[in-house]
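Could you put together the complete structure from these sequences and hints?
Letter by letter, the chains look like this.
There are 2 protein chains.
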Amino acid sequence: MEIRVDWRSSCSLTGTVLKWLSVPLAAPLVLAVIDGDDPLPFLVAIAVAVVLGGALERLREERTLEQREAFLMVALTWFGVAAVGSIPFFVTGLAAPSASAFAGPIDGPVNAFFEGMSGITTTGATVMSGWDFENQSRAVLLWRQLLQWLGGLGILIVAIGLLSNLLVAGAQLMETESQTRNVRKLHPHLDETARLIWGLYVGLTALAAGTFYALHLLGLAPEMDLFNAVSHALTSVATAGFSPEPDSAGAFTPIVQWAIIPFMIVGATNFVLLYYLTQGDWTRPIESEEFRFYIGVLAVLGAIVSAMVWLDPETSSAVEPTIRHGLFNVVSMVTTTGYASTDFDLWSPGAKHMLFLGMFLGGMAGSTTCSIKSLRWLVTIKAFRRNLFTSIHPEAVRPLRLGDEVVDEETVQDVYTYVLLAIIIFFLLTVFVVVDSVRVGDGVGEFEAMGASASIFLNIGPAFERAGPFENYAGFPTTTRIVMIVMMWIGRIEIIPVLVLFTAAFWRS
Amino acid sequence: MEIRVDWRSSCSLTGTVLKWLSVPLAAPLVLAVIDGDDPLPFLVAIAVAVVLGGALERLREERTLEQREAFLMVALTWFGVAAVGSIPFFVTGLAAPSASAFAGPIDGPVNAFFEGMSGITTTGATVMSGWDFENQSRAVLLWRQLLQWLGGLGILIVAIGLLSNLLVAGAQLMETESQTRNVRKLHPHLDETARLIWGLYVGLTALAAGTFYALHLLGLAPEMDLFNAVSHALTSVATAGFSPEPDSAGAFTPIVQWAIIPFMIVGATNFVLLYYLTQGDWTRPIESEEFRFYIGVLAVLGAIVSAMVWLDPETSSAVEPTIRHGLFNVVSMVTTTGYASTDFDLWSPGAKHMLFLGMFLGGMAGSTTCSIKSLRWLVTIKAFRRNLFTSIHPEAVRPLRLGDEVVDEETVQDVYTYVLLAIIIFFLLTVFVVVDSVRVGDGVGEFEAMGASASIFLNIGPAFERAGPFENYAGFPTTTRIVMIVMMWIGRIEIIPVLVLFTAAFWRS
Ligand SMILES: [K+]
Ligand SMILES: [K+]
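Protein sequence lines correspond, in order, to chains A and B.
Numbering of the first sequence is given in the numbering used here, commencing with residue 1 and proceeding in unit increments.
Numbering of the second sequence is given in the numbering used here, commencing with residue 1 and proceeding in unit increments.
It should be emphasised that the hints constitute simulated quantities derived from the structure, not laboratory data.
A couple of the hints might just be wrong.
Put simply, identical chains are the same to the list, so a pair is met inside one copy or across any two.
[To be verified] With a cut-off of at most 20 Å between alpha-carbon atoms, the simulated SDA-like pairs for lysine to any residue come out as follows:
{"no.": "1", "residue 1": "Lys382", "residue 2": "Ala505"}
{"no.": "2", "residue 1": "Lys382", "residue 2": "Ala504"}
{"no.": "3", "residue 1": "Lys382", "residue 2": "His393"}
{"no.": "4", "residue 1": "Lys382", "residue 2": "Pro222"}
{"no.": "5", "residue 1": "Lys382", "residue 2": "Thr411"}
{"no.": "6", "residue 1": "Lys382", "residue 2": "Leu402"}
{"no.": "7", "residue 1": "Lys382", "residue 2": "Phe502"}
{"no.": "8", "residue 1": "Lys382", "residue 2": "Thr503"}
{"no.": "9", "residue 1": "Lys19", "residue 2": "Asp408"}
{"no.": "10", "residue 1": "Lys382", "residue 2": "Gln413"}
{"no.": "11", "residue 1": "Lys382", "residue 2": "Pro321"}
{"no.": "12", "residue 1": "Lys19", "residue 2": "Val44"}
{"no.": "13", "residue 1": "Lys19", "residue 2": "Pro39"}
Put into structure tokens, the structure is as follows:
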């Protein structure tokens, strides 16, 4: 078989990314030195990043990325960063007592890789037990947060900046939104677009850290020290969800929870729209059909869940906490962040099912959000309505419009393919989780398996029961956790770039 | 609001169908007289059929059916026949002691309508308790079977014969298969096509009855008396699933179970292909991509489930019963018949999940089967593969082929719409079943709710736990049963003809 893909170029670019990973790895290294903790985990990771990255980089000098090479590079990069990024967890685990979830001769590498993949894919599902939260160094905890922040930045750059024609239904859809094109006209150089996005992302993260820490300085948030403020800033705009606190956002005062909500919402908003906002242009967001749909979904689902929490005598409380918890956890699920302000696993089945449905929604395209995304749902709903219309008027020709633009029929099909594939893969993952659990003699519940599968594949993080917001994924069998690692990877880079790797046409034609 | 749909024509045609319903109603009437049972339930139903049908018929003398009128007529007819067809159950319930599932002042009409809708939609989900199976007259039991047989015939006529451009992705897809067109060329008059289909259906039913009864006469099937032979013939080719026996096909000897399998398979095969078979033409079925896919699915899923039953120490037995039960229940689920040869609810979660996935497959288009159907899955899989290819070769134009023909892109979108709508509606129904169950303080399991929802909406019949094959749906809350009645109706006439009724464009434009 003759391979026609220039895989050396893909590997070489992945190598460059891996090499540069040594820079953010320096941050926890410095913190470890300051705190007097073991710097070895980070030194090993930096060494591997430099040596492996440098070696891969040398595979090709002149690198050209066509469509297929770009797919391969994205798939390899997310996998490679997850692997190298998990080295600090693995090395830490070697030295830890066996009470740690990272320790143990078999589970060690799997759990470390799980945590690394969950980090870079901004999933936020953890295998850390209570022991880890109490005993891991701040350096290790910071690295988890940083990995997620890098993952959010990476997806933004892929979706908007460098490789905008890449993520099939993500970026092709972005094209249908006039915003992107207009920004391109303003800033025709790709580097410049990337720099704008990067600037906005850094700025929002700094704003979040400043806000959280200001609340602390004002005496309104005793737990929100500088470390926590930075840690949560790194994973809120990134809609990522890791927290150094075992109780996630539930560890903080109500005002902190209120303060986190807008940063999750902003992180899941199209960054091109955000750019216009920074230019004082408010009309574009208001005119964006997708933005209104996204905000509408948050409001309606937030109201429904708050009402359900309110009506259930088991969870009913005063007005403010009811609205806060209802809204916070709906925003957290829909934006795919995965924080929890309270243990929503104790809510009624109705409220939990609403959160479950919310997982499939996702925020806006062109943001750090994961899942199916509101743009795809908007197109799907419009396509449903159009097909109902043409079923009674078969002769009618009715182009599908989004804002002022016509969505071409190929894009409609791409969207349908994506939504259906996502749902089918989620279904099959659920069946695997159930069967694998029965295989090891440990009966997982159906809803438990569904929630965990959706949360993993759609990169949200927590779900219900053993995958509940204050629980961790170490309770699933090792085989399930290995499959979940792969599913986080496939879900984050939007399915298609991985699936095509398994077609012969990818390598030969 | 000005109504532009000629609803009088639709109602008038529904009236004609209702009037003619008095003819099959005569069969249980005669049986009741022979057996010395109460003939009143059937007399009332006949009176209502004649009076109501006659009145509706008079709404319009010259009847013309355009697309919309045809949709409305199909929706009204299935609803009307279910309502009138449930009268015998309701009237019987009035006279029965309160131990009957049909009796009681509140549940009476709901359960009777449930049974009637389950009958005409060929779902086969029952609310009959053990008491009913022991105490209902043979006339009532026969009427359940006859309703299902009529439902299978009705769907065949709609899908192939009279209204072939009607059921969106059912019939438009049929068009893509050259077979249908060729039959039309041979027999250009629609009546003639309908007569061929009708003849085939009657012939296959007679063959099934003859086969079953012959096994009885040969002493191989003591339980399969003439009444049972006719009853099961009426609901096997119709892929319908009602049985006068509480243990369904489990009440009979293994050889009977083997004999039922081919009739379920044939009932879910495209009747146009069957017509060619009767002409001695074996090449067309073999050349049909959909037929090979359908048979392949049955074989592979049958093997998987048999292996799972075999490997589970709880259910493992000898080779013949393992293969028989594995194959029988897979065929029953995939063809949407809903018989059970054994209580598969006692199988392992893995095997049950395979049956659950099988529910979504369905048999061939142009047959009596329900669910999504193999043609739609075949198109979906081909569209997936095509979209993967074009995602790496964006410039490529690759028409989607089925056999020798190109499937046009509008049909691909219709198929996507249908599959996605079916899955989403199933999901929402599951959530409703769970929430409604919690509302009445009765915790339904997640898999229990999923199984029942899929089985109801995809018109299969049995599922798991309280909806298990040897159980009945009376255990669900009344509100859930009312919603299930509506969902059986929507599912059987393929979603679109009902959904369009809720659009303003249907009535006005
Ligand atoms: K997340
Ligand atoms: K059925």
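For each hint, the structure was consulted:
1. Lys382 / Ala505: Between copies only: 14 Å across chains, 32 Å inside a chain, cut-off 20 Å.
2. Lys382 / Ala504: between (34 Å within a copy, 15 Å between copies)
3. Lys382 / His393: within (16 Å within a copy, 27 Å between copies)
4. Lys382 / Pro222: So Lys382 and Pro222 fail the 20 Å test inside a copy (48 Å) and across (58 Å) alike.
5. Lys382 / Thr411: both (13 Å within a copy, 17 Å between copies)
6. Lys382 / Leu402: For Lys382 and Leu402, only the intra-copy Cα distance (9 Å) is at most 20 Å; the inter-copy one is 28 Å.
7. Lys382 / Phe502: The answer is between: 15 Å across copies meets 20 Å, while 32 Å in one copy does not.
8. Lys382 / Thr503: For Lys382 and Thr503, the Cα distance is within 20 Å only across copies (13 Å; inside one copy 31 Å).
9. Lys19 / Asp408: neither (40 Å within a copy, 49 Å between copies)
10. Lys382 / Gln413: The answer is both: 12 Å in one copy and 12 Å across copies each meet 20 Å.
11. Lys382 / Pro321: Close neither inside one copy (36 Å) nor across copies (50 Å); limit 20 Å.
12. Lys19 / Val44: within (13 Å within a copy, 84 Å between copies)
13. Lys19 / Pro39: within (19 Å within a copy, 87 Å between copies)
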